[in-house]
Amino acid sequence: MSESAIIDVHGLHKTYGRTHALDGLDLSVAPGEVHGFLGPNGAGKSTTIRVLLGLTRADSGEVTVLDGDPWHDAVELHRRLAYVPAGVTLWPGLTGGQCIDVLGRAHGGLDDARRADLVERFDLDTRKRTRDYSTGNRQKVSLISALAADVDLLLLDEPTSGLDPLMEQVFQEVVRERVADGTTVLLSSHILGEVEALADRVSIIRAGRTVTTGTLADLRRSTSSRVHTITDSSPGLAGVDGVTALDTGSVDGRIETRCHVEGAAVSEVVGLIHAAGVHTLTITPPSLDDLFLEQYREGPSLRDGRGATSSGSEQDSRGATSSGSEQDGRGATSAGSDEVRR
Amino acid sequence: MSALSTTGIGTSLRVQWRTGRKVVLAWVLGLFAVVVLTTSSITSLYDTPDKLRSYAETTTNPGMRVLNGVVAGTDTLGGAMVNELGFVVAFAVPLLAIALTLRGTRREEEAGRLELLLASRVGRQAPLLAAVALALAALVGLGLLTTLAFVGVGAEPSGSIVYGAAVASLGATFVGVSAIAAQAFGHTRSAWAASLGVAALAYLVRGAGAVDETWLLWASPLGWYDKVAAFGEPRALPFALSIGAALALLGLALRLSATRDVGGSLLAPRVGPHRASAGLRSPFGLALREHRTVTLGWAVLAAVLMGTYGSLMQTVIDAIEGNPDLAAWLAGGEAGIVAPMAAMFVLLLALLVGGYVLQALGSLRREEISGRLELQLSEARSRAAWLTPHLAVIALGTLLVGAAGGVALAVSTAAALGDSSWIPTLLLASAQYLPVMLLLAGISLALFGWWPRAQAAVWVVFAVAAVIGYMGPGLDLPTWLIEWAPFGLVGDVPAEDLDATGALVAGAGGVVLAGLGLLGFTRRDIPHR
Numbered sequence: 088m089s090e091s092a093i094i095d096v097h098g099l100h101k102t103y104g105r106t107h108a109l110d111g112l113d114l115s116v117a118p119g120e121v122h123g124f125l126g127p128n129g130a131g132k133s134t135t136i137r138v139l140l141g142l143t144r145a146d147s148g149e150v151t152v153l154d155g156d157p158w159h160d161a162v163e164l165h166r167r168l169a170y171v172p173a174g175v176t177l178w179p180g181l182t183g184g185q186c187i188d189v190l191g192r193a194h195g196g197l198d199d200a201r202r203a204d205l206v207e208r209f210d211l212d213t214r215k216r217t218r219d220y221s222t223g224n225r226q227k228v229s230l231i232s233a234l235a236a237d238v239d240l241l242l243l244d245e246p247t248s249g250l251d252p253l254m255e256q257v258f259q260e261v262v263r264e265r266v267a268d269g270t271t272v273l274l275s276s277h278i279l280g281e282v283e284a285l286a287d288r289v290s291i292i293r294a295g296r297t298v299t300t301g302t303l304a305d306l307r308r309s310t311s312s313r314v315h316t317i318t319d320s321s322p323g324l325a326g327v328d329g330v331t332a333l334d335t336g337s338v339d340g341r342i343e344t345r346c347h348v349e350g351a352a353v354s355e356v357v358g359l360i361h362a363a364g365v366h367t368l369t370i371t372p373p374s375l376d377d378l379f380l381e382q383y384r385e386g387p388s389l390r391d392g393r394g395a396t397s398s399g400s401e402q403d404s405r406g407a408t409s410s411g412s413e414q415d416g417r418g419a420t421s422a423g424s425d426e427v428r429r
Numbered sequence: 057m058s059a060l061s062t063t064g065i066g067t068s069l070r071v072q073w074r075t076g077r078k079v080v081l082a083w084v085l086g087l088f089a090v091v092v093l094t095t096s097s098i099t100s101l102y103d104t105p106d107k108l109r110s111y112a113e114t115t116t117n118p119g120m121r122v123l124n125g126v127v128a129g130t131d132t133l134g135g136a137m138v139n140e141l142g143f144v145v146a147f148a149v150p151l152l153a154i155a156l157t158l159r160g161t162r163r164e165e166e167a168g169r170l171e172l173l174l175a176s177r178v179g180r181q182a183p184l185l186a187a188v189a190l191a192l193a194a195l196v197g198l199g200l201l202t203t204l205a206f207v208g209v210g211a212e213p214s215g216s217i218v219y220g221a222a223v224a225s226l227g228a229t230f231v232g233v234s235a236i237a238a239q240a241f242g243h244t245r246s247a248w249a250a251s252l253g254v255a256a257l258a259y260l261v262r263g264a265g266a267v268d269e270t271w272l273l274w275a276s277p278l279g280w281y282d283k284v285a286a287f288g289e290p291r292a293l294p295f296a297l298s299i300g301a302a303l304a305l306l307g308l309a310l311r312l313s314a315t316r317d318v319g320g321s322l323l324a325p326r327v328g329p330h331r332a333s334a335g336l337r338s339p340f341g342l343a344l345r346e347h348r349t350v351t352l353g354w355a356v357l358a359a360v361l362m363g364t365y366g367s368l369m370q371t372v373i374d375a376i377e378g379n380p381d382l383a384a385w386l387a388g389g390e391a392g393i394v395a396p397m398a399a400m401f402v403l404l405l406a407l408l409v410g411g412y413v414l415q416a417l418g419s420l421r422r423e424e425i426s427g428r429l430e431l432q433l434s435e436a437r438s439r440a441a442w443l444t445p446h447l448a449v450i451a452l453g454t455l456l457v458g459a460a461g462g463v464a465l466a467v468s469t470a471a472a473l474g475d476s477s478w479i480p481t482l483l484l485a486s487a488q489y490l491p492v493m494l495l496l497a498g499i500s501l502a503l504f505g506w507w508p509r510a511q512a513a514v515w516v517v518f519a520v521a522a523v524i525g526y527m528g529p530g531l532d533l534p535t536w537l538i539e540w541a542p543f544g545l546v547g548d549v550p551a552e553d554l555d556a557t558g559a560l561v562a563g564a565g566g567v568v569l570a571g572l573g574l575l576g577f578t579r580r581d582i583p584h585r
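Residue numbers (our numbering), protein chains in the order written: chain A, 88 to 429; chain B, 57 to 585.
None of these hints come from the bench; they were simulated from the model.
Keep in mind it's a predicted model, so treat the numbers as computed, not measured.
Even glycine gets a Cβ: it sits at the ideal position worked out from N, Cα and C.
A portion of the hints provided could be inaccurate.
Stated by the list, open to error - Derived CB-CB ranges, DEER-like: (1) D317/B to D339/A: 47 to 57 Å; (2) L257/B to G223/A: 33 to 43 Å; (3) E260/A to V516/B: 46 to 56 Å; (4) G104/A to G335/B: 36 to 46 Å.
Stated by the list, open to error - Incomplete in silico selection of chain A near chain B, CB under 8 Å: (5) L140; (6) V162; (7) R214.
The whole structure should be built from the sequences, with the hints applied where relevant.
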């Protein structure tokens with residue numbers, strides 16, 4: 088993979104004073120893929136992208152972008168990539184159209200037909216000055232100038248902040264078209280739905296480190312699905328390996344069971360439920376939100392190198408109704424970031 | 057039309073006072089300090105009726121009246137002080153009114169904070185009324201302090217009271233003007249520009265009317281301020297006009313605010329072209345565009361100020377010669393007065409150009425903070441290739457601002473003194489300060505390259521150098537300090553010859569520092585933390 092990778096990063100470190108912005112980060116992006124780059128605010132996403140652009144020099148670690156060293160070969164590499172930064176302030180006195188052209192000029196100019204098409208699809212009034220734009224419209228300007236460029240790599244740092252759901256759809260369509268043309272995309276985001284819709288693989292980072300990386304299918308396999316069932320008798324799931332957050336009750340004389348089940352235990356659990364006389368059965372596969380929150384809940388054990396799904400999920404056993412576990416998730420995330428601060 | 061909603065004006069007032077009290081106090085006390093300085097210096101300079109009479113004669117000069125207005129009773133102590141304050145009051149009081157009114161209205165609205173406040177139990181017109189009340193209170197405070205300062209040095213009390221009231225009501229009219237601008241324009245910038253435009257127009261109309269006291273005086277709020285004639289025969293009609301205009305404008309502003317949306321404006325924002333021109337797409341063209349407004353602003357300021365100073369040269373000489381004490385103090389005759397004064401004006405021009413250089417270079421850091429630098433460097437262009445066009449434009453801008461001020465000073469001085477030999481002398485002297493500009497630019501760039509967060513510290517260097525250069529001789533500072541502070545390096549041109557060694561030190565130092573800055577800029581993180 089490293090041989091042909093578009094972006095290849097190993098053991099990246101960057102310190103600002105006493106803050107470790109990057110603490111041994113790894114990242115590998117293959118040609119033609121959309122790579123989701125996930126992490127909460129302050130995890131090091133923007134710093135990583137600035138290292139990839141040669142704007143910031145890493146203290147240590149290896150970085151290769153498009154087979155070059157971004158710090159030394161910045162100018163040559165930049166001919167082949169386009170960047171959408173998070174929350175840029177455009178030139179307030181220029182119109183949106185002028186900004187698109189000014190930003191697009193150094194990618195060898197923009198493809199005019201593509202520019203016109205994007206302006207129309209993103210529904211942008213290019214005659215307004217950017218100081219009169221809403222946040223969403225300002226974001227469209229950066230997006231159009233990057234997406235209309237003919238490049239091999241797109242580095243998108245929270246590209247859709249401020250866009251409405253309709254425009255979010257347009258963004259996803261356009262990214263898919265670019266990928267179909269052979270462009271590689273690094274998509275940094277904390278809008279999980281967007282990453283889920285676009286990304287082939289994701290890397291989740293925390294406190295400047297990669298916590299997990301892989302395809303969404305891989306990640307799902309190692310994460311629990313949620314099971315809700317009503318059966319005639321008790322299915323006896325307690326003690327089954329891979330079953331966590333078990334909660335039983337009764338509804339109209341039948342047994343109601345909720346639990347989390349790891350991928351490997353699903354068939355055994357379904358067998359037990361079937362034997363107990365199924366009335367209703369719902370199995371919900373983990374969403375990216377679940378994956379994300381689970382990673383953040385599990386920080387310490389992952390650092391030890393163990394897959395610590397069970398120890399992490401035990402925290403959930405207090406109340407595993409779906410709303411309950413969402414709350415737990417949030418609690419766990421903030422606990423995670425406390426630790427980041429430490 | 058919806059009714060006015062003024063619930064929660066107390067809350068609004070408290071919020072605006074808490075967030076703006078430092079600004080309000082800085083304006084009022086800062087202007088009060090200028091008033092006190094003027095009153096005390098006038099009192100000590102013109103301490104006999106004879107001296108006051110000779111002062112009064114200089115004020116009949118039409119050129120002086122264009123600047124200071126038609127001031128009544130300049131043969132009294134109070135009148136002389138009003139005349140001396142004429143220029144400052146004509147600009148600073150409207151500026152105070154505009155700044156404080158827009159602060160609490162359009163600025164809050166543009167930032168979205170007003171929306172937040174209005175979402176609570178605060179009526180839609182309450183913030184406007186609160187901002188107006190605060191600005192008016194500041195003006196009344198300034199008026200009272202002015203009266204006290206005048207009475208304190210022995211000016212006639214009733215005239216002093218009338219004058220304080222005239223200052224406050226002049227400001228009130230501009231509170232009204234900017235309250236309307238806050239309704240009409242969506243951006244604080246535009247509202248400021250429109251209000252300033254009205255203030256400048258009022259000044260020009262008053263000046264045109266003052267030359268030979270025509271009816272035009274009655275067409276300007278500053279004319280009303282003159283017509284009050286605090287130390288002549290005070291009139292009530294100008295007061296009625298000022299206060300009436302203020303009330304009418306405020307009433308209109310309230311009605312306008314009730315007809316528009318929160319966050320909206322009466323005038324739709326202007327639109328521009330769909331596409332960038334070829335010029336704008338080139339790095340040089342973009343840099344030109346970014347520095348254009350600031351450069352032109354400084355060039356106009358330099359030309360107006362230097363033209364004014366130059367044309368006053370003869371008047372000042374007359375005033376000094378008419379005052380035996382001063383003339384004796386400045387022994388050496390007319391030539392002995394003119395050369396040091398010309399040197400002082402050239403130094404003032406150098407300070408202006410230096411201010412431009414530092415402001416223009418400071419915009420590089422703003423480009424970095426806004427994220428635009430990052431975005432431009434993600435294009436196929438090196439850091440040096442981004443910086444070079446900016447430096448080229450700023451260098452051209454420096455020459456433009458310097459030339460605008462230098463030519464205005466040279467031509468107006470030559471015209472005032474009737475001696476065209478001043479033109480080459482003053483142009484050369486203005487150009488001889490260029491090595492100092494290079495030194496200031498070098499300090500700013502070195503900081504930008506290595507320690508960008510501290511780039512603004514160059515203003516401290518500038519301020520210290522300006523004080524040493526401008527006030528050093530008067531404060532009796534050691535000669536070596538005056539000669540080695542940046543503005544002294546080239547010598548007191550044109551009164552003295554150019555100090556070639558000093559100029560070389562300044563120029564070479566500037567180039568070395570700029571080179572270091574460039575080196576640092578190509579090696580550091582962007583954005584720098």
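These are the hints, each one checked on the structure:
| no. | hint | result |
| --- | --- | --- |
| 1 | D317/B to D339/A: 47 to 57 Å | holds (55 Å) |
| 2 | L257/B to G223/A: 33 to 43 Å | holds (39 Å) |
| 3 | E260/A to V516/B: 46 to 56 Å | holds (54 Å) |
| 4 | G104/A to G335/B: 36 to 46 Å | holds (43 Å) |
| 5 | L140 | holds (5 Å) |
| 6 | V162 | holds (5 Å) |
| 7 | R214 | holds (4 Å) |
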